[in-house]
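Number of protein chains: 2
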Amino acid sequence: MPLLVMKFGGTSVADLDRIKNAALKVQREVERGYDVIVIVSAMSGRTNELVGWVEATSPMFDAREYDAVVASGENVTAGLMALTLQEMGVPARSWQGWQVPINTTSQHSAARFLEIPRHNIDQKFAEGMKVAVVAGFQGISPEGRITTLGRGGSDTTAVAFAAAFGAERCDIYTDVDGIYTTDPRITSKARKLKKIAFEEMLELSSLGAKVLQTRSVELAMRYKVRLRVLSSFEDTDESSGTLVCDEDEIMESKVVNGVAYSREEAKITLVTVEDRPGISAAIFAPLAEAGVNVDMIVQNISEKDYEDHPGSVTDMTFSCPVSQVARARKAMEDARAAGHIAYDELVVDTEAAKVSVVGIGMRSHAGVAARMFKALADENINIKVISTSEIKISVLIDRKYMELAVQALHDAFELEKP
Amino acid sequence: MPLLVMKFGGTSVADLDRIKNAALKVQREVERGYDVIVIVSAMSGRTNELVGWVEATSPMFDAREYDAVVASGENVTAGLMALTLQEMGVPARSWQGWQVPINTTSQHSAARFLEIPRHNIDQKFAEGMKVAVVAGFQGISPEGRITTLGRGGSDTTAVAFAAAFGAERCDIYTDVDGIYTTDPRITSKARKLKKIAFEEMLELSSLGAKVLQTRSVELAMRYKVRLRVLSSFEDTDESSGTLVCDEDEIMESKVVNGVAYSREEAKITLVTVEDRPGISAAIFAPLAEAGVNVDMIVQNISEKDYEDHPGSVTDMTFSCPVSQVARARKAMEDARAAGHIAYDELVVDTEAAKVSVVGIGMRSHAGVAARMFKALADENINIKVISTSEIKISVLIDRKYMELAVQALHDAFELEKP
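Line order of the protein sequences matches chains V and G.
Numbers 1 to 418, taken from UniProt numbering, label the letters of the first sequence in order.
Numbers 1 to 418, taken from UniProt numbering, label the letters of the second sequence in order.
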């Protein structure tokens, strides 16, 4: 029997009516001849309530107890979904993480999958069960404690089950109807993609597109799990949504398939840094320890007069989220006070934003960067920092030009055209 | 290390403040040198919410899914209680039913204990844990599904753990401060008992005193678990509340220790029943099948003229809750229509109440019934039906005299005196 994994997020199972709506989508796939594994999140709002109780009880909480409390939300939805399906005449049962068992590491609240044995669920499919409803986001540690997977855990659970059970596809039902060339709130020319390659989706997720968690896309790419993103709130059929798949499945790809952005970026420059072997490590190790997510890094030779500095010096620039600037500043000042690094000045620009173009076609097409820079120059947008990967070019610009830059790039690469 | 079981019901853990209040009581016992097993209910209102969702989803629900959903309430409280204790510096961890494991039968929503192995929890006590917080009301079936125990399940869980771990005592914290000679709302002379024998408590629970579930008292009596009932909402010490214990622990017992009542009773009489061997079974089997809880039964020879009935005839009277009268009537009419029984008339009196006196001293004292009947006669209260056990005498009377009867009996047996 071909098998499908279907995942419903918190807003898709927010109340009994929505659970029923989701169950109807499951029933339709069963009628098409699939065995189905359904992965459910907690009803929206429940997890926040449970987290709130834990944090109010114990600010420095024991993560094992946190996990035991928080995982209960998914268990409720799993039971209710199984009952809803049964009520429709679909043979279904719920599975909690420990019942499968979903074996994970002991890193509570950030556990990783170790193994998902198929035996128990396969046996029930063999006995006539058509749908296994599995509580997402959770697992069991080698010590027999309940674990959770951290943010976006239910997406990751869905992909892991699709991989373990060799599913034909993993459908992620959510509150948007697919992946767009860019955010439709910024340009009405944004177009829904029929297909997108894993690598592109990975870049877009990392760049702030919230539809899929980066980790679930990574896992899908590694195990070649075809992912489909589609809406819980619309009538959907086999061709709905966006398929995230191997690039071999995409016949002809454009050079650029998406424009992403990240609004709250800061640029931090350490001016006149003593340049010596190991200086990068001396700067970025304390930033990492302080939990600063450093993104773009540029080391440049400033044009100013270095007469006062007889040794070799440089300027070091990096970007990070605006919310982490205070932490970054403290880490740098502490490192300087401890004598680990030396610099004249720390210059912070909190008015930046990042805009990126993403496309696997870039690999075989030259001139993408030039085309991007020209489009921005035509709008008189100054580029502060540039960073590139094999399939992505990102630039840091003044935040006030962000929307304009996204629109200009969307036009320049003709993303409105199929 | 001496061990104590402490159980907190839903109102005692209704919010984070109350959980903290309960945890302070646990901490005090740890400071006194006890290892403690804490049994918790769901935060009050949560179980009803979950049950409501299940019933709205599926009126004829799969009890296995019902149990999986409903048991989640206790898991939340267990985690929060463990975190609260940790925050106070008390080494604690939570245990869900399957982690202990609390092995039960597969009768979902009405499961019975099979075995509670001590190994896992004992090992953690040996490693320095002082408090095991166990989710009440739940267990795991031989098939690995979550089970629940039905009404009052958390009390029963507490007693079962006290038996399995050889606890010195099982303290049931609730919203009343002990067991009274009668309901204080009916007479201000009601007096809190320091001690009460298992058998007496069992009769009082069966008779409608809601403080302890009958099943938990039965289990305590069988395993000689000393139970203490005391208030969550008052300062309590070693001598607080009421101890439910073996009668050997009670030096001198009064003849009567309590007056109980049940307000909504109905009396049903089958008039002129054909009297033959097997007639009782023919009447009461259909009632049992219809789920009617028949309580008192009297078979009497009526004084009326039996001329019309050449064979042997009798009247059969029984009592049941008013809410079950319709079901009882239908069961009798169906049985008559099917030719299984014959009677002239079915007379229903829905204006009855039951009043009972209970005391183990009755066994060795004659004249208790006479004293009871005289007290009622002095108030001109007519007795409709009488039923007795070794340690209890119950009478059915007009409902309007119920309070008066309770007061008269409380006075007659001098229950206000210690």
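Hints listed in this document are in silico derivations from the structure and should not be mistaken for laboratory results.
It is possible that some hints are incorrect.
EDC-like mimics (lysine to aspartate or glutamate), calculated; alpha carbons at most 16 Å apart, straight line [claimed, not checked]: (1) K210/V x D183/V; (2) K20/V x E238/G; (3) K224/G x D183/G; (4) K210/V x D237/V; (5) K194/G x E238/G; (6) K194/G x E143/G; (7) K194/V x D237/V; (8) K124/G x D183/V; (9) K20/G x D183/V; (10) K124/V x E351/G; (11) K192/G x E218/G.
Ranges of calculated distance between the beta carbons of each label pair, as one might list FRET restraints [what the hints assert, rightly or not]: (12) E49/V x R185/G: 56 to 62 Å; (13) R363/G x Q123/V: 39 to 45 Å; (14) E49/V x G128/G: 29 to 35 Å; (15) P142/V x R363/G: 35 to 41 Å; (16) E49/V x K224/G: 28 to 34 Å; (17) S109/G x P142/V: 54 to 60 Å.
Predicted model only: the values in this text are computed from it and were never measured.
Beta carbons: idealized from backbone N, C-alpha and C, even for Gly.
Query raised in the report: Which numbered hints turn out to be false for this structure?
Result: Hints 2, 3, 4, 6, 8, 9, 10, 11, 12, 13, 15, 16, 17 are the ones this structure does not satisfy, whereas the remaining hints hold.
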